[in-house]
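K.L.:
Protein sequences, first through last, are from chains A, B, C and D.
The opening position of the first sequence corresponds to residue 1 in the numbering used here, with each subsequent residue numbered one higher.
The opening position of the second sequence corresponds to residue 1 in the numbering used here, with each subsequent residue numbered one higher.
The opening position of the third sequence corresponds to residue 1 in the numbering used here, with each subsequent residue numbered one higher.
The opening position of the fourth sequence corresponds to residue 1 in the numbering used here, with each subsequent residue numbered one higher.
The reader is advised that the hints may include incorrect statements.
Repeated chains share a single entry, so a pair holds when one copy, or any two copies, can fit it.
To be verified - Below 16 Å or equal to it, Euclidean Cα-Cα: the simulated EDC-like pairs (lysine to aspartate or glutamate) are:
1. K267 - E62
2. K141 - D113
3. K53 - E91
4. K141 - D116
5. K65 - E263
6. K94 - E57
7. K141 - E118
8. K94 - E118
9. K106 - D32
10. K15 - E162
11. K40 - D25
12. K106 - D125
13. K64 - E270
14. K65 - E270
15. K101 - D125
16. K145 - E118
Simulated from the structure, these hints should not be mistaken for laboratory data.
There are 4 protein chains.
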Amino acid sequence: MTLVPKKAAESDQLKLVSREAKHEDTVIDLGDGVTIGGEKIAIMAGPCAIESKEQMETIAQELKKAGVQIMRGGAFKARTNPYAFQGLGEEGLKILSQTAKSYGFKTVTEILDIRDLETVHKHSDIFQIGTRNMQNFSLLKEVGKTQKPVLLKRGMSSTINEFLLAAEHIMKNGNPNVILCERGIRTFETDTRYTLALATVPLIKELSHLPIIVDPSHATGKRSLIAPMSKASIAAGADGILIDVHPNPAEALCDGEQAIQTETFHKLMEELKPLAQVLGRLL
Amino acid sequence: MTLVPKKAAESDQLKLVSREAKHEDTVIDLGDGVTIGGEKIAIMAGPCAIESKEQMETIAQELKKAGVQIMRGGAFKARTNPYAFQGLGEEGLKILSQTAKSYGFKTVTEILDIRDLETVHKHSDIFQIGTRNMQNFSLLKEVGKTQKPVLLKRGMSSTINEFLLAAEHIMKNGNPNVILCERGIRTFETDTRYTLALATVPLIKELSHLPIIVDPSHATGKRSLIAPMSKASIAAGADGILIDVHPNPAEALCDGEQAIQTETFHKLMEELKPLAQVLGRLL
Amino acid sequence: MTLVPKKAAESDQLKLVSREAKHEDTVIDLGDGVTIGGEKIAIMAGPCAIESKEQMETIAQELKKAGVQIMRGGAFKARTNPYAFQGLGEEGLKILSQTAKSYGFKTVTEILDIRDLETVHKHSDIFQIGTRNMQNFSLLKEVGKTQKPVLLKRGMSSTINEFLLAAEHIMKNGNPNVILCERGIRTFETDTRYTLALATVPLIKELSHLPIIVDPSHATGKRSLIAPMSKASIAAGADGILIDVHPNPAEALCDGEQAIQTETFHKLMEELKPLAQVLGRLL
Amino acid sequence: MTLVPKKAAESDQLKLVSREAKHEDTVIDLGDGVTIGGEKIAIMAGPCAIESKEQMETIAQELKKAGVQIMRGGAFKARTNPYAFQGLGEEGLKILSQTAKSYGFKTVTEILDIRDLETVHKHSDIFQIGTRNMQNFSLLKEVGKTQKPVLLKRGMSSTINEFLLAAEHIMKNGNPNVILCERGIRTFETDTRYTLALATVPLIKELSHLPIIVDPSHATGKRSLIAPMSKASIAAGADGILIDVHPNPAEALCDGEQAIQTETFHKLMEELKPLAQVLGRLL
Numbered sequence: 001m002t003l004v005p006k007k008a009a010e011s012d013q014l015k016l017v018s019r020e021a022k023h024e025d026t027v028i029d030l031g032d033g034v035t036i037g038g039e040k041i042a043i044m045a046g047p048c049a050i051e052s053k054e055q056m057e058t059i060a061q062e063l064k065k066a067g068v069q070i071m072r073g074g075a076f077k078a079r080t081n082p083y084a085f086q087g088l089g090e091e092g093l094k095i096l097s098q099t100a101k102s103y104g105f106k107t108v109t110e111i112l113d114i115r116d117l118e119t120v121h122k123h124s125d126i127f128q129i130g131t132r133n134m135q136n137f138s139l140l141k142e143v144g145k146t147q148k149p150v151l152l153k154r155g156m157s158s159t160i161n162e163f164l165l166a167a168e169h170i171m172k173n174g175n176p177n178v179i180l181c182e183r184g185i186r187t188f189e190t191d192t193r194y195t196l197a198l199a200t201v202p203l204i205k206e207l208s209h210l211p212i213i214v215d216p217s218h219a220t221g222k223r224s225l226i227a228p229m230s231k232a233s234i235a236a237g238a239d240g241i242l243i244d245v246h247p248n249p250a251e252a253l254c255d256g257e258q259a260i261q262t263e264t265f266h267k268l269m270e271e272l273k274p275l276a277q278v279l280g281r282l283l
Numbered sequence: 001m002t003l004v005p006k007k008a009a010e011s012d013q014l015k016l017v018s019r020e021a022k023h024e025d026t027v028i029d030l031g032d033g034v035t036i037g038g039e040k041i042a043i044m045a046g047p048c049a050i051e052s053k054e055q056m057e058t059i060a061q062e063l064k065k066a067g068v069q070i071m072r073g074g075a076f077k078a079r080t081n082p083y084a085f086q087g088l089g090e091e092g093l094k095i096l097s098q099t100a101k102s103y104g105f106k107t108v109t110e111i112l113d114i115r116d117l118e119t120v121h122k123h124s125d126i127f128q129i130g131t132r133n134m135q136n137f138s139l140l141k142e143v144g145k146t147q148k149p150v151l152l153k154r155g156m157s158s159t160i161n162e163f164l165l166a167a168e169h170i171m172k173n174g175n176p177n178v179i180l181c182e183r184g185i186r187t188f189e190t191d192t193r194y195t196l197a198l199a200t201v202p203l204i205k206e207l208s209h210l211p212i213i214v215d216p217s218h219a220t221g222k223r224s225l226i227a228p229m230s231k232a233s234i235a236a237g238a239d240g241i242l243i244d245v246h247p248n249p250a251e252a253l254c255d256g257e258q259a260i261q262t263e264t265f266h267k268l269m270e271e272l273k274p275l276a277q278v279l280g281r282l283l
Numbered sequence: 001m002t003l004v005p006k007k008a009a010e011s012d013q014l015k016l017v018s019r020e021a022k023h024e025d026t027v028i029d030l031g032d033g034v035t036i037g038g039e040k041i042a043i044m045a046g047p048c049a050i051e052s053k054e055q056m057e058t059i060a061q062e063l064k065k066a067g068v069q070i071m072r073g074g075a076f077k078a079r080t081n082p083y084a085f086q087g088l089g090e091e092g093l094k095i096l097s098q099t100a101k102s103y104g105f106k107t108v109t110e111i112l113d114i115r116d117l118e119t120v121h122k123h124s125d126i127f128q129i130g131t132r133n134m135q136n137f138s139l140l141k142e143v144g145k146t147q148k149p150v151l152l153k154r155g156m157s158s159t160i161n162e163f164l165l166a167a168e169h170i171m172k173n174g175n176p177n178v179i180l181c182e183r184g185i186r187t188f189e190t191d192t193r194y195t196l197a198l199a200t201v202p203l204i205k206e207l208s209h210l211p212i213i214v215d216p217s218h219a220t221g222k223r224s225l226i227a228p229m230s231k232a233s234i235a236a237g238a239d240g241i242l243i244d245v246h247p248n249p250a251e252a253l254c255d256g257e258q259a260i261q262t263e264t265f266h267k268l269m270e271e272l273k274p275l276a277q278v279l280g281r282l283l
Numbered sequence: 001m002t003l004v005p006k007k008a009a010e011s012d013q014l015k016l017v018s019r020e021a022k023h024e025d026t027v028i029d030l031g032d033g034v035t036i037g038g039e040k041i042a043i044m045a046g047p048c049a050i051e052s053k054e055q056m057e058t059i060a061q062e063l064k065k066a067g068v069q070i071m072r073g074g075a076f077k078a079r080t081n082p083y084a085f086q087g088l089g090e091e092g093l094k095i096l097s098q099t100a101k102s103y104g105f106k107t108v109t110e111i112l113d114i115r116d117l118e119t120v121h122k123h124s125d126i127f128q129i130g131t132r133n134m135q136n137f138s139l140l141k142e143v144g145k146t147q148k149p150v151l152l153k154r155g156m157s158s159t160i161n162e163f164l165l166a167a168e169h170i171m172k173n174g175n176p177n178v179i180l181c182e183r184g185i186r187t188f189e190t191d192t193r194y195t196l197a198l199a200t201v202p203l204i205k206e207l208s209h210l211p212i213i214v215d216p217s218h219a220t221g222k223r224s225l226i227a228p229m230s231k232a233s234i235a236a237g238a239d240g241i242l243i244d245v246h247p248n249p250a251e252a253l254c255d256g257e258q259a260i261q262t263e264t265f266h267k268l269m270e271e272l273k274p275l276a277q278v279l280g281r282l283l
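Produce the entire structure from the sequences given, and follow the hints as far as they go.
P.N.:
Given below as structure tokens:
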């Protein structure tokens, strides 16, 4: 009567990402003591889109004060609207890597197109695969042939099994450095941009050895929900958060309504520290 | 082009439940110093279904040790399958109220049928309205005519606006004592029973003065996810949790796979205390 | 790994509604040659809400001309907004039954509250159970104790299995006269009010012997989509359609945007006739 | 209170695909009298995956008898499971184009990777963009720079607005030859593979001048539902159907459970003809 996928069979397909395949938690090492997946919670922060050298400098100073180790920023933007700002491209990548070098950050940025692989590889410490590309199997294959860590965002309508199989596509090609990211799923709910399915975090921890972080900015799409959902993510066991920070969200060229200001970010970081400690984590 | 409800207009319908209507948080007073919605986090625990006097005694002893103040237990069960156990009915209610009296608990139990109003009123301190009855407007109206606190569970496919309007149906009839409960929504995800939409908690806190609690048992349907999602709920700002506890989940007559054992419950309670404290709450 | 309901087991619960339980299609006989589930396609039409004797007279004349045999109209309205028009109640039922008697229609109207059972029983030929009450098991039980046909609308987030189990609740109590109604499910789509899941029709035909009709008005919530989706419903094998018709939709007290005008209705009926014929049905 | 996208503003982004931009229906001309979007309903049939020259010959003979003008077949397969059959690649494309040439078919096949653009361009009359690539903006841009017709499948969790904006991405780059395809959306329903949202067809017809077809095979994932949903699609106003046909579905290398056998296909084609006629279409 039913067409529900035979999960047991599908689990057999998780030859590399499953907890059975590898019992210990995978810890991704970015060098210089920066890791994802261990005791320390990884904070990745920065603007949705890289807009200018000045913007990145301003944000970098604040992130540095807050103790952030990984800076995010988009140079190639996947935009539903073909007439919206598409990102600064390679120019943006250069700004990101130069800023990061000055301040000692590791970096993460999205790759949209296979043809940009070398360029993004050169300028970023982590490849980000966005939600719309979670099943872009050609792209998964190519990043899978490198050894650079891949931040794989969950497809907005992917099951957990499909999410893990996308990671399997990367690992199968030789790259064991996959970081999973829950970023909200599409539901009937319209009061938030997506629905943050936070139970994904402990469930993935059962099923896989890979680290998992949360993106509360895209998941909620609403500035006021980012701080409480960052706390909830860490309480649920997430290995890190990916967060939109902008000096002036009202003037952001992309997704300003889901970015928090630098002051709010500092306050959040202060609140997360004792929370992490009580949960046996560091921040 | 679109049929999205005009939210601004609908907000006008929230004459009583909205934050604009009443700025201060509503604190529900159950008597004997037991409250919901204030500094103290409310833990409501017990079995999905009341099975026997002995079962309730066994659980009550453990809940007492753990410092629980409110005992839950179902006497009338809404079962999808007409051939499944339907609950002990009034006999179950008597067991609940007697056990609660012996141990000094307040009680919460579901009312399914208007014709049971007086009976449930007599035996329970809180009326629970289940997810399938969130828009049973006749039932909302009748509990709205009493002054007994109502625990209103979110409909499994209700928007937040519809959820608040259901509370408005109760308040409009004269009962201001409404406790909202996020219990998971129905999505495409099949690896958890429902999807716990935890961002509902801070969003409701913005929109309404009513207390909101979370039911991680029904939301996830999976024992191993209950502890992490309880922590996450409190970190997100919930005023309490409603949790299935059973001395022997494997033999539970209803929803055993989402109940935690008493030892696990004790451990969870110990972990929640420092977490609550760091968040400025008590437990 | 998974919590997907064990469908095979659940099928065992469909002791009465399944195709295995009864091979031949059930045909509901309303008397005077009016049937649902046989060769003839049943058209149930009328306003969402009964507003006045005059309104019902106006519509009845048009329905009569169009060859309609079953008139619909709501007297008790389930309204999300507590401040919206709640229906005329028993007064509305009287208008419905008197109008129907004058014109020789059979009638269908919604029952919301068990306490109205006798009143609705007296005035209507079919009990309608609305989408919000599909799992109001007390109500299902009570209509199940009568022999009056029950039009059971699918819950807006019910699986097909849950839908059939709700019918089983009715049949188990002794009433074999159940008519299923697909009325749209809740999805992420916002450009229609609900998503009309039309594949439900042939799938139900495989799984059950009960007749199934479609409500394109509520499913789409958009006047211009009603005619094409009525045609599609019949092409998919539906045994009838339930349709909102109003002489002046712009002034309707309830859901006017999903009602079609009487002229449009006449045109649709003319178009459906040859379509039904080519599909081996009558209209 | 709400984050629902401002639809009015978004409509302004549909500069080329909207009905306002071009009033008359777009008719795609594939040459040799084969068109999509006019009076004649387009049937695109063939196997999910091209498996061998013999398989394609066998199917081609049957399609020819049935009067089909457009043959489908996949050479590059997007597979969730990295260990499943990935398609024959360029070898498959050659089989497709040679078979089509022998029998006088036009062809449609999926392009997954920008780097295959020239190869697919050479062997196929239509580029198919699959559901997982609907927002692969790099790919949309590249096919948009050609003049070859593009069959754009709806993303499995895309709104209608996002679907039309994806078409706008193609048209904005200079290619006006876009064919939209409804192929089912992801919902909570598990008894069908996806939910065929058929009201999309008349809604798209209102909003856009582009032709729209339906894929009942992927939408339902269930062989027995394909014939009724094909009829329903045409009754709803679709300009064509895309259908999996396989001589021996039980042995198909890909998605066999949603393919119909050639005899069933012949029967369906015979049933569709009078249906099309009664709806004022040709087949």
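K.L.:
Hints first: check each against the structure and report whether it holds.
P.N.:
Hint by hint, here is what the structure shows:
{"no.": "1", "hint": "K267 - E62", "verdict": "within (12 Å within a copy, 39 Å between copies)"}
{"no.": "2", "hint": "K141 - D113", "verdict": "both (12 Å within a copy, 11 Å between copies)"}
{"no.": "3", "hint": "K53 - E91", "verdict": "within (10 Å within a copy, 49 Å between copies)"}
{"no.": "4", "hint": "K141 - D116", "verdict": "both (14 Å within a copy, 15 Å between copies)"}
{"no.": "5", "hint": "K65 - E263", "verdict": "within (11 Å within a copy, 43 Å between copies)"}
{"no.": "6", "hint": "K94 - E57", "verdict": "within (13 Å within a copy, 54 Å between copies)"}
{"no.": "7", "hint": "K141 - E118", "verdict": "within (14 Å within a copy, 21 Å between copies)"}
{"no.": "8", "hint": "K94 - E118", "verdict": "within (13 Å within a copy, 32 Å between copies)"}
{"no.": "9", "hint": "K106 - D32", "verdict": "within (9 Å within a copy, 55 Å between copies)"}
{"no.": "10", "hint": "K15 - E162", "verdict": "within (14 Å within a copy, 35 Å between copies)"}
{"no.": "11", "hint": "K40 - D25", "verdict": "within (13 Å within a copy, 36 Å between copies)"}
{"no.": "12", "hint": "K106 - D125", "verdict": "within (6 Å within a copy, 46 Å between copies)"}
{"no.": "13", "hint": "K64 - E270", "verdict": "within (14 Å within a copy, 36 Å between copies)"}
{"no.": "14", "hint": "K65 - E270", "verdict": "within (11 Å within a copy, 34 Å between copies)"}
{"no.": "15", "hint": "K101 - D125", "verdict": "within (11 Å within a copy, 49 Å between copies)"}
{"no.": "16", "hint": "K145 - E118", "verdict": "within (12 Å within a copy, 24 Å between copies)"}
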